[in-house]
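For the protein sequence lines, the chains are A and B, in the order given. Residues 75 to 460 in the working numbering are what the first sequence spells out, letter by letter. Residues 75 to 460 in the working numbering are what the second sequence spells out, letter by letter.
Hints may contain errors.
In the SDA-like style, the derived pairs of lysine to any residue whose C-alpha atoms are separated by at most 20 Å in a straight line are [what the hints assert, rightly or not]:
#1 K90(A) / I334(B)
#2 K281(A) / I334(B)
#3 K299(A) / K437(B)
#4 K281(B) / K281(A)
#5 K437(B) / E192(B)
Read the hints as simulated data drawn from the structure, not as lab findings.
There are 2 protein chains.
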Amino acid sequence: MINFLLDLKTRIHFGKDSVKNLKQELYPYKKILLVLGSGSVKKFGIYDAVKKELSDAGLEIFELDGVKPNPSVDLVYEGIGICRNNSIEFILALGGGSVIDTAKAIAVGVPYLGDVWELFIDESRITNALSTGAILTLAATGSESNRNSVITNEKTTEKLGIHHDCLRPQFAIMDPSYTFSLPPVQTAAGVADIMAHVFEQYFSPTKDAYMANRMAESVLKTCIKYGALLLKDPENYEARAEIMWASTIALNGLLGAGKIGDWASHMLEHELSAYYDLNHGVGLAILFPNWMKHVIDDSKLWKYREYAVNVWDLPEGMNDMQLAEAAIAKTREFFIKLNLPARLSEVGIDDKYFETMAENLIKRGKLGSFKVLNKEDIISIYKMSN
Amino acid sequence: MINFLLDLKTRIHFGKDSVKNLKQELYPYKKILLVLGSGSVKKFGIYDAVKKELSDAGLEIFELDGVKPNPSVDLVYEGIGICRNNSIEFILALGGGSVIDTAKAIAVGVPYLGDVWELFIDESRITNALSTGAILTLAATGSESNRNSVITNEKTTEKLGIHHDCLRPQFAIMDPSYTFSLPPVQTAAGVADIMAHVFEQYFSPTKDAYMANRMAESVLKTCIKYGALLLKDPENYEARAEIMWASTIALNGLLGAGKIGDWASHMLEHELSAYYDLNHGVGLAILFPNWMKHVIDDSKLWKYREYAVNVWDLPEGMNDMQLAEAAIAKTREFFIKLNLPARLSEVGIDDKYFETMAENLIKRGKLGSFKVLNKEDIISIYKMSN
């Protein structure tokens, strides 16, 4: 186990009607910015429930709506402006990862004297941020309690992430029933995203970290059991609850504590999303089984064996390579069962930018740790996914 | 899954030389109280390393030493006095659960106007506490990051616990090498204590909570694998690290999130410790397999099946009752393998107070949830353990 610092400071209010805790959480504030998406929360009564709590609390509310998937830095600039002009003290995100990431980027941009995009180019400049809170409506990114924010800059065709403990929300309101009305593809992409977060930490060069590995398998088994169930029964509270809680645990730092993460597949997907505005979870579902295939070699079979036996219950008697191949096949089958595409061509992406994207990725530094990828590796994984 | 609030605010600095983070954590303070045990930390250089960091930080340090297992409220009174007379701002615990629990009890007692023991009689009176931090030297209670403190009042023969989020330490320094020199019985009792914490949350009337159950099994498997290893190889860093991290995860709230806990066995053990000054982990190792046997009935076999198959790898083909009995036998065998006693008579306890202790326990309200125990149940479990 390697040394680690873990600061899980986000207070989690989990369960039906947990929105009732909002008033008490916002007690110290007078002026807040409410950040939200493009309308779906307004359709299903969630927005009204939140507004009622906020207005009962006597807060002055400013709103920034219209956050889209692969959220844009332009809206972040707009949010920073609103906060500065109105002496906003707190930023409340109502939505999924894109909305929460936008709120965090605004929060870190407000006290920063330069252009907030500079922080995405060089996150070592981050020192502090306004406080944020999240009301989650989509289980996927784990942004509701983690230290990350990923923002897209369309002008420079960059999708970049920042990481700092000051970005962890002060609280997260997690009511599984808020995810009942999600379109099936968003539910499925969310499950793929959660599993991808676990994979990035599970397929690690750190050989020990026994308990972290077993907990990672617990999260994966949860996704497999309840992800499939949700496609048939989208208003199953228990299934929604398990997936929502899995999304938090998958990326709050717990599963990576004491281990080196890989994160190459995420970088490959971010590059795709920057060029094509692809859904992040869909992109990961397409790429990950191909990454698994590409990076395999004899020195890594121990990890694939663990994955095959402990997650997919494949028989221990099979030889290592058979187990690895069977487990990768199971992974792909599962994503197909979730009605997720298996090829980039299915989502209208061709090989036009594979080389450019690979060059962009290599430029940013070392990519991967379970296996370090070079330019040819990246192009090869993109081609396998085509 | 039932609704929950989870506030894991303790910053964890984990790994070799993590004591180096002490200075930065204590930066805001000038005067601290250092609470410690009866000398073992001074033997192995840990105390010196801590003192060096504290003196480099230029802090004014007051010391309270002599905390013993089943820590006494008398020392808590003494600590409260030191804090009040010297305007202490922060309490730093250096030790295991007893030392940390003492520090927490002092922290909650300083701002309370009445007798601190009143808070143990009625914890609903707790509103705030001084800030605390913990440098852990024994993996067992999880007190380094949880909201609990358990203190013994010899005058009233009571061992009682308090629970409040204000008791969570601000930080925990967890260097596995600090536990290398523990006597084997303390290592073993710590492992039993960790497993007992998991059992209390695992054997729950909440039937779903799938992911929490799988994570609980991960912690149990970690204890079984590395607990046994430590008895042979006490300076195995990886084994010490896994057990130390397991101790935190077992009782920081994560495994119980969304579930009802039982905690009856803990109450039975606290009562024993109040009368006999028994090591808490030893008491739990004696009692728990008997509790498992006593509370079994047809409606609960599903849980024993999960435990048998997922934790002890027993064959799924066995019938439910066989599985349950085999899993309980495995539990006892494991504790015996750790050289822990299996009977109260081995630690000099007879049946003299069984009836009195059962009456004390029943008086304090409902006991247990997986099965609610009445007076006869309690006496029966004590007798089975005799």
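Okay, the hints, checked on the actual structure:
Annotation: proposed proximity of K90(A) to I334(B) holds, straight-line Cα distance about 16 Å (limit 20 Å). For the hint pairing K281(A) with I334(B), the CA-to-CA distance comes to about 35 Å; that exceeds 20 Å, so the pair is violated. For the suggested pair K299(A) and K437(B), the alpha carbons sit about 43 Å apart, so the restraint of at most 20 Å is broken. The hinted pair formed by K281(B) and K281(A) fails the criterion: a straight-line CA distance of about 34 Å is larger than 20 Å.
Restraint check: the Cα-Cα separation between K437(B) and E192(B) comes to about 17 Å, which is no more than 20 Å; the hinted pair holds.
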